[in-house]
Amino acid sequence: MSANNDKYYQERMVLQPGANEVSPAAYNAIIGGVLLYGFIVDALIVALFKGRAITMMTTNPSGYTVNLLVMAGVYIVCCIVGSLMVHRSDNPVVSFIGFNLFAVPIGFILAYATIPFYSSGTIARAFVLTAIITGVMMAISTLLPDTFLSMGKTLFISLLVCIVVDLLAIFIFHIDLIVIDYAVTFIFALFVGYDWARANQCVKTVDNAVDSAAELYIDIINLFLRILSILARAND
1 MSANNDKYYQ
11 ERMVLQPGAN
21 EVSPAAYNAI
31 IGGVLLYGFI
41 VDALIVALFK
51 GRAITMMTTN
61 PSGYTVNLLV
71 MAGVYIVCCI
81 VGSLMVHRSD
91 NPVVSFIGFN
101 LFAVPIGFIL
111 AYATIPFYSS
121 GTIARAFVLT
131 AIITGVMMAI
141 STLLPDTFLS
151 MGKTLFISLL
161 VCIVVDLLAI
171 FIFHIDLIVI
181 DYAVTFIFAL
191 FVGYDWARAN
201 QCVKTVDNAV
211 DSAAELYIDI
221 INLFLRILSI
231 LARAND
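Going by my numbering, the letters in the sequence shown line up with residues 1 to 236, in that order.
No lab work stands behind these hints, which were simulated from the structure alone.
Hints may be right or wrong, so weigh each one.
Claimed, not checked - Computed list of lysine-lysine pairs in DSS-like fashion (alpha-carbon distance at most 27 Å, straight line):
hint, residue 1, residue 2
1, Lys204, Lys153
2, Lys153, Lys7
3, Lys7, Lys204
None of these values were measured; they are calculated from a predicted model.
Just need the whole structure built from these sequences, with the hints factored in.
So, in structure tokens, the structure goes:
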């Protein structure tokens, strides 16, 4: 991981001036609550806008394409700003606003560019498998935190390699590598354990709970999307 990222985590392991610790139960409850909030927001956005996305896709394909491009640009900007707010602020309110800046756009990406292409059964199975894998990885990470904490650089490099290979396969060689979906699924499952171990190393403050939830949210969303892709392939 980068030196800046390591410095950021080291700061989270020290009680910052003006911050107050909460109990472990409250800390974990805040993490769970922020995650649940993010998933509910995404589910509501999908429920409200999925139909519009399908209608636009069938009646105005060119408008749908332009809409996706604009949405992708807004998503990238929001994610960068949101990530900076989460990582650089010691104020839980600011961090929560930052969390929303990538959780809400992800809901629209799901509604317009992902969910319409899958059956409700496939989505439900992906959701259940994601929940099971997340729970299992958190449990293992709780028992073996040092094992997961030692994986940071390896996971980051492995994910970067998978992304590069995937992009080359799609845009240069015009092939779809199924193995990449399995590899990235495995990597993000390990990232859940890694970020959960990190979360439990941090000083238990409200801001650190929000920050940890934001990192876990990204892991879980990516895990869900890859599982969704794998299940869809199996049904083809």
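Taking the hints in turn, this is what the structure says about them:
1. Lys204 <-> Lys153: holds, 24 Å
2. Lys153 <-> Lys7: Holds. Lys153 to Lys7 sits at ~15 Å (cutoff 27 Å).
3. Lys7 <-> Lys204: Distance of about 18 Å is within 27 Å: holds.
The structure is consistent with each of the numbered hints, conforming to all of them.
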